[in-house]
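Asker: With chain Y's structure known, arrange chain C on it following the hints.
2 protein chains.
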Amino acid sequence: MTADKIVPRAKHIVLTSHPTRFGPKPIPIHWGESDPIKRGPIIGTLSNAAHRNVIGSHSGSYGVYRALAVASGRLQSNHRADLTNTAPAERIGPHLSWFDPDKIVSLDPFGALVGEVYPSYQEQGYDIRPTIAITKAHINMPELADAVAKGRLQLDGTLVKAGGDLVVTKAAIEPVWYLPGLAKRLQVSESELRRALFEQTGGMFPELVTRPDFHVFLPPIGGATVYIFGDPAAITDPTKPLAVRVHDECNGSDVFGSDICTCRPYLVHGIEACVQTAQEGGAGVIVYLRKEGRALGEVTKFLVYNARKRQEGGDRADAYFTRTECVAGVQDMRFQELMPDVLHWLGITRIDRFISMSNMKHDAITRSGIEIMERVPIPDDLIPMDAKVEIEAKKAAGYYTEGEVLTETGLAEIKGRSLVE
Amino acid sequence: MTADKIVPRAKHIVLTSHPTRFGPKPIPIHWGESDPIKRGPIIGTLSNAAHRNVIGSHSGSYGVYRALAVASGRLQSNHRADLTNTAPAERIGPHLSWFDPDKIVSLDPFGALVGEVYPSYQEQGYDIRPTIAITKAHINMPELADAVAKGRLQLDGTLVKAGGDLVVTKAAIEPVWYLPGLAKRLQVSESELRRALFEQTGGMFPELVTRPDFHVFLPPIGGATVYIFGDPAAITDPTKPLAVRVHDECNGSDVFGSDICTCRPYLVHGIEACVQTAQEGGAGVIVYLRKEGRALGEVTKFLVYNARKRQEGGDRADAYFTRTECVAGVQDMRFQELMPDVLHWLGITRIDRFISMSNMKHDAITRSGIEIMERVPIPDDLIPMDAKVEIEAKKAAGYYTEGEVLTETGLAEIKGRSLVE
Numbered sequence: 001m002t003a004d005k006i007v008p009r010a011k012h013i014v015l016t017s018h019p020t021r022f023g024p025k026p027i028p029i030h031w032g033e034s035d036p037i038k039r040g041p042i043i044g045t046l047s048n049a050a051h052r053n054v055i056g057s058h059s060g061s062y063g064v065y066r067a068l069a070v071a072s073g074r075l076q077s078n079h080r081a082d083l084t085n086t087a088p089a090e091r092i093g094p095h096l097s098w099f100d101p102d103k104i105v106s107l108d109p110f111g112a113l114v115g116e117v118y119p120s121y122q123e124q125g126y127d128i129r130p131t132i133a134i135t136k137a138h139i140n141m142p143e144l145a146d147a148v149a150k151g152r153l154q155l156d157g158t159l160v161k162a163g164g165d166l167v168v169t170k171a172a173i174e175p176v177w178y179l180p181g182l183a184k185r186l187q188v189s190e191s192e193l194r195r196a197l198f199e200q201t202g203g204m205f206p207e208l209v210t211r212p213d214f215h216v217f218l219p220p221i222g223g224a225t226v227y228i229f230g231d232p233a234a235i236t237d238p239t240k241p242l243a244v245r246v247h248d249e250c251n252g253s254d255v256f257g258s259d260i261c262t263c264r265p266y267l268v269h270g271i272e273a274c275v276q277t278a279q280e281g282g283a284g285v286i287v288y289l290r291k292e293g294r295a296l297g298e299v300t301k302f303l304v305y306n307a308r309k310r311q312e313g314g315d316r317a318d319a320y321f322t323r324t325e326c327v328a329g330v331q332d333m334r335f336q337e338l339m340p341d342v343l344h345w346l347g348i349t350r351i352d353r354f355i356s357m358s359n360m361k362h363d364a365i366t367r368s369g370i371e372i373m374e375r376v377p378i379p380d381d382l383i384p385m386d387a388k389v390e391i392e393a394k395k396a397a398g399y400y401t402e403g404e405v406l407t408e409t410g411l412a413e414i415k416g417r418s419l420v421e
Numbered sequence: 001m002t003a004d005k006i007v008p009r010a011k012h013i014v015l016t017s018h019p020t021r022f023g024p025k026p027i028p029i030h031w032g033e034s035d036p037i038k039r040g041p042i043i044g045t046l047s048n049a050a051h052r053n054v055i056g057s058h059s060g061s062y063g064v065y066r067a068l069a070v071a072s073g074r075l076q077s078n079h080r081a082d083l084t085n086t087a088p089a090e091r092i093g094p095h096l097s098w099f100d101p102d103k104i105v106s107l108d109p110f111g112a113l114v115g116e117v118y119p120s121y122q123e124q125g126y127d128i129r130p131t132i133a134i135t136k137a138h139i140n141m142p143e144l145a146d147a148v149a150k151g152r153l154q155l156d157g158t159l160v161k162a163g164g165d166l167v168v169t170k171a172a173i174e175p176v177w178y179l180p181g182l183a184k185r186l187q188v189s190e191s192e193l194r195r196a197l198f199e200q201t202g203g204m205f206p207e208l209v210t211r212p213d214f215h216v217f218l219p220p221i222g223g224a225t226v227y228i229f230g231d232p233a234a235i236t237d238p239t240k241p242l243a244v245r246v247h248d249e250c251n252g253s254d255v256f257g258s259d260i261c262t263c264r265p266y267l268v269h270g271i272e273a274c275v276q277t278a279q280e281g282g283a284g285v286i287v288y289l290r291k292e293g294r295a296l297g298e299v300t301k302f303l304v305y306n307a308r309k310r311q312e313g314g315d316r317a318d319a320y321f322t323r324t325e326c327v328a329g330v331q332d333m334r335f336q337e338l339m340p341d342v343l344h345w346l347g348i349t350r351i352d353r354f355i356s357m358s359n360m361k362h363d364a365i366t367r368s369g370i371e372i373m374e375r376v377p378i379p380d381d382l383i384p385m386d387a388k389v390e391i392e393a394k395k396a397a398g399y400y401t402e403g404e405v406l407t408e409t410g411l412a413e414i415k416g417r418s419l420v421e
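Note that the protein sequences, when read in sequence, are chains Y and C. Heads up: the first sequence begins at 1 in the working numbering, then just goes up one per residue. Heads up: the second sequence begins at 1 in the working numbering, then just goes up one per residue.
Keep in mind that the hints were calculated from the coordinates and are not lab data. Keep in mind that the hints are not guaranteed to be accurate.
Going by beta-carbon spacing under 8 Å, a handful of chain C positions derived as facing chain Y [stated by the list, open to error]:
(1) Thr236
(2) Leu296
(3) Asp386
As a list, the in silico DMTMM-like pairs of lysine to aspartate or glutamate whose alpha-carbon atoms are at most 20 Å apart [claimed, not checked]:
(4) Lys38/C x Glu143/C
(5) Lys388/Y x Glu402/Y
(6) Lys25/C x Asp127/C
(7) Lys11/C x Glu192/Y
(8) Lys136/C x Asp386/Y
(9) Lys161/Y x Glu421/C
(10) Lys11/Y x Asp231/C
(11) Lys136/C x Glu421/Y
(12) Lys11/Y x Glu190/C
(13) Lys11/C x Glu190/Y
(14) Lys136/Y x Glu272/C
(15) Lys184/C x Glu33/C
(16) Lys150/Y x Glu143/C
(17) Lys150/C x Glu143/Y
(18) Lys161/Y x Glu280/Y
(19) Lys161/Y x Asp386/C
(20) Lys136/Y x Glu143/C
(21) Lys150/Y x Asp146/C
(22) Lys415/C x Asp386/C
(23) Lys161/C x Glu421/Y
(24) Lys136/C x Asp231/C
(25) Lys136/Y x Asp146/Y
(26) Lys136/C x Glu312/Y
(27) Lys161/C x Glu280/Y
(28) Lys136/Y x Asp127/C
(29) Lys150/C x Asp146/Y
(30) Lys136/C x Glu272/C
(31) Lys184/C x Asp100/C
Only a predicted model underlies this, so the values are computations on that prediction, with no experimental measurement involved. The C-beta atom is built at its ideal place from N, Cα and C for all residues, glycine as well.
Okay, chain Y solo, but in the shape it has when bound (with noise of 0.2 Å):
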C-alpha cells in the first residue's frame, strides 16, 4: 500500500458529467499536433476528476478489476503510479505519421514517451500513464528450435541464441480513441459513432453522449503487442528490409495448437521470415491484436465450431462463412481499417515481405499509404487437416493465394471432422 493521504469520497453519486463553463477547463487534446505539450497528454486519472480529459480508464477492461480492487479496499482509490525505471527500453519514434490525425487514430503515439515529454504536467500534479510500454525480452518457441535444428534458422549470438533463443524487443499498447477520427476511419458522423458506442453497449459511458468536448476514448478492449526482430531502426530504413506479419489472437491455436485453423502454424512462420530479414539486415515485426475470434468472442467462436460440424453435409469449406453469420450477424468483427495506425505508429511505409494471405489487412494495410510488395502465403505443409475447410474458403473468397482457388464444387469437396471423431 502506498503512504498517500486517503481522500474521502463524496456523498453524493455523479451520474455523468458535462461541458461547463465554470470551474477549470480540462488541458485540451489537438490531435495530431506534433509539438506533444500542443497535442496536451492524455489524462484518464480516476483521482481528480478535473483533470481527465477523456472517456473511459486505463488499462482497457482490466479498469474493470481496479474497480474491484478499490471496492475490496485493497487498492487506494487515489494511487498514482511510481514510473521510476519504467521508460521505453527502445526508442520507437517521433515519425512523421504521428503528425497526421488521420494516419493514427487507435492509439496515442505518444504513449510510451509521457515520462519524457510530459515532466511539467507530472509535475504540477497531473496523473499521466503511458498507453504504450516497450521492453526486451528473450523467447523460444519449440518449433524455432526445430528450424534451428534444420538449419533453416542460423545462430547468431546476438538475434538468435544457443537453443533457438529470440532476442526481441516488444511493445504493449492500449487502445486509444481518437472519436473524430476513428467516425471519418468508418465512415459515420461522429454522432452517430458515440451513439451506437453508448447505446449498443447497453448503456456504457453516458460522457460518450454528454462529453462532446471530450474527443478521446479509453475503449475496456484489448490492445495490442509488438515484436520486433533485428534493430527497430531498421524498420524505418528505406534501404533495408523489412517482413510483417499482423496477427489476430487465436487462443485455441496460439496456445493450445488445435487443427482446426492455420493461426499458431502461420504466426511461427511468420516470425521465422522476420528472422531472416533481421539476419539479413532488416527488421521483422509481429503484431498482435487481441480480436478473439475475429472480434466475436471465444462462446461465438465456439457456438459457429458446433453449428458448422453438425451441419447437414457436415464442416466444409463452401458453408464455412455461413454458419459465423447465422449467428454474429456478420462474417467477421475485427475492423482491419484500424489495424494499420499500429504500423504507423512504427514508421513503416513500406513492407517488403507481408506474411498473410487476407485481402481485409492487406487492403487496409495499402489504403492506409503503405506499400506492400511480397505476400508471403502459409506453406502447405503447415496447414493441420482439420484446417483445410477454413483456409480452402478463405481463398475463394479473395485470400491471396498462387495455387488454385476452389469453384463452389470443389468448396463443397473439401470437409472437415464431425463432432464425434
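Answerer: Chain C in isolation, oriented as in the chain Y frame:
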C-alpha cells in the same frame, strides 16, 4: 445480413434507465434457484430494452466491436443469433453446486443450456443468448509431441492420437456477475461494490447505481476457457482421479515463450498431468483465465519488467513484488476469490492433483469447499533461466514447494538478466 425488419431508432437518447412501476416488468432472476425457469433467463439483448434484465451486454469486451459494427452499418442492431446446431457437444451439469447462490457468482451455470431450458421464452420472442459454449477439438503442442517421443505420454488412439494430437472437450465462458454474491465474496456491501464499479472505471454503466433491481452484470472483461481431457463424467466421479491446473493468461510466455516466467512450461506440464490422469481412468481439467499480467494488463506488466531490470542491484528475487506494487499499487489484481466458480460449474468437489504452486489459488479453492489432495510443483528442469527470480520470490512469499525456501540474503542473490543482455 439477416432479413429482419429494420427497427427505426428513437430520436432521443436515454442516458440511464430506472426501475419503474409502469410498463412490463422484466423477467426476474432468482440466482441459485434449481429450476431454470424459476431462476430466470439472463437477457442482455440490445434489440428490445424492455426485455433486458441485466446491466451490460454480451461477449465481454467484444460488445464494443459489436457497437462499431452497428455504427458502421454492417450489423443490424436487431440481429438475433440463429442458434441451430450450436448446442453443447458435451453435457456439463446440472450439479448441486449450481443451486447454491453463494457457490457460483461470476458465471451463469445454465449458460450453455439456454436452448434446452428456455425454449418457451424464446418462442415468446425473448432474445436469450448462451454465455457458455462447449465444443470438441484436437490440439497439439510441440512439447507434447516431445513427451510422446520420450515415452512420458503413451499413444492410446482415443485421447492421445498419432503425432501427439490430443482429443479434448472445451468450453468458453463469458463472465456473468451476480452482484450481491460478488459483494459477499469480496466482503463489501453491494452498494459499495456497485458504486466502485461505476466510479472507478470512469463512469461505466450508470445502471450499476440506478438499477438496484437488476442484480446481474455482464462486465466487459475476458472470460475463461476450460479444456477437459478424458471423459467429462469422470470429473465428478469420486472413485476416479482428477488433475486440475488453473492458469492465468500470460501472452508473452503462453504464445511467444518468453523466458522471464514459468507460464507456458507449467501449462504444458499441467496438460501432461491431465492426460496421464485421464489415461489412468480419471480426467484432467485446464482452466485458462483471461487475466493478463495478474489482471493489470500488459502495459503495466512491461513497465514493471523495465523497472525490475533497471533497479539498483538489477532484477532480483528479493525486490520482485515491490516493483509491481510501485507501478500498480497492488502486487496482484486477479481476485482468485472468484476463480473457484468455474470448478463448481464443473461439479468438482475434490482435486487429486493440483498442478499449481500458488497459495492464493490453493486457498481460494479449498475455502470454497473443494478438497485438494496433492500439489504438484513445476519440475526444476522446466524453469527458464531468467524465471528463477520470479519462482524464488513466489516461493518465499508462500508458494508451495517441496524444496528450500530462500531467506532475504538468498533471494538477493537470485538475479535475472538486464535489459542490455
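Asker: Look at each hint and say if it fits the structure.
Answerer: Quick rundown of the hints versus the structure:
| no. | hint | verdict |
| --- | --- | --- |
| 1 | Thr236 | 22 Å, violated |
| 2 | Leu296 | 6 Å, holds |
| 3 | Asp386 | 7 Å, holds |
| 4 | Lys38/C x Glu143/C | 47 Å, violated |
| 5 | Lys388/Y x Glu402/Y | 16 Å, holds |
| 6 | Lys25/C x Asp127/C | 16 Å, holds |
| 7 | Lys11/C x Glu192/Y | 11 Å, holds |
| 8 | Lys136/C x Asp386/Y | 13 Å, holds |
| 9 | Lys161/Y x Glu421/C | 11 Å, holds |
| 10 | Lys11/Y x Asp231/C | 54 Å, violated |
| 11 | Lys136/C x Glu421/Y | 9 Å, holds |
| 12 | Lys11/Y x Glu190/C | 16 Å, holds |
| 13 | Lys11/C x Glu190/Y | 16 Å, holds |
| 14 | Lys136/Y x Glu272/C | 30 Å, violated |
| 15 | Lys184/C x Glu33/C | 18 Å, holds |
| 16 | Lys150/Y x Glu143/C | 17 Å, holds |
| 17 | Lys150/C x Glu143/Y | 17 Å, holds |
| 18 | Lys161/Y x Glu280/Y | 16 Å, holds |
| 19 | Lys161/Y x Asp386/C | 14 Å, holds |
| 20 | Lys136/Y x Glu143/C | 25 Å, violated |
| 21 | Lys150/Y x Asp146/C | 16 Å, holds |
| 22 | Lys415/C x Asp386/C | 8 Å, holds |
| 23 | Lys161/C x Glu421/Y | 11 Å, holds |
| 24 | Lys136/C x Asp231/C | 12 Å, holds |
| 25 | Lys136/Y x Asp146/Y | 23 Å, violated |
| 26 | Lys136/C x Glu312/Y | 18 Å, holds |
| 27 | Lys161/C x Glu280/Y | 40 Å, violated |
| 28 | Lys136/Y x Asp127/C | 47 Å, violated |
| 29 | Lys150/C x Asp146/Y | 16 Å, holds |
| 30 | Lys136/C x Glu272/C | 18 Å, holds |
| 31 | Lys184/C x Asp100/C | 13 Å, holds |
In summary, the structure is inconsistent with hints 1, 4, 10, 14, 20, 25, 27 and 28 from the numbered list given earlier, while agreeing with the others.
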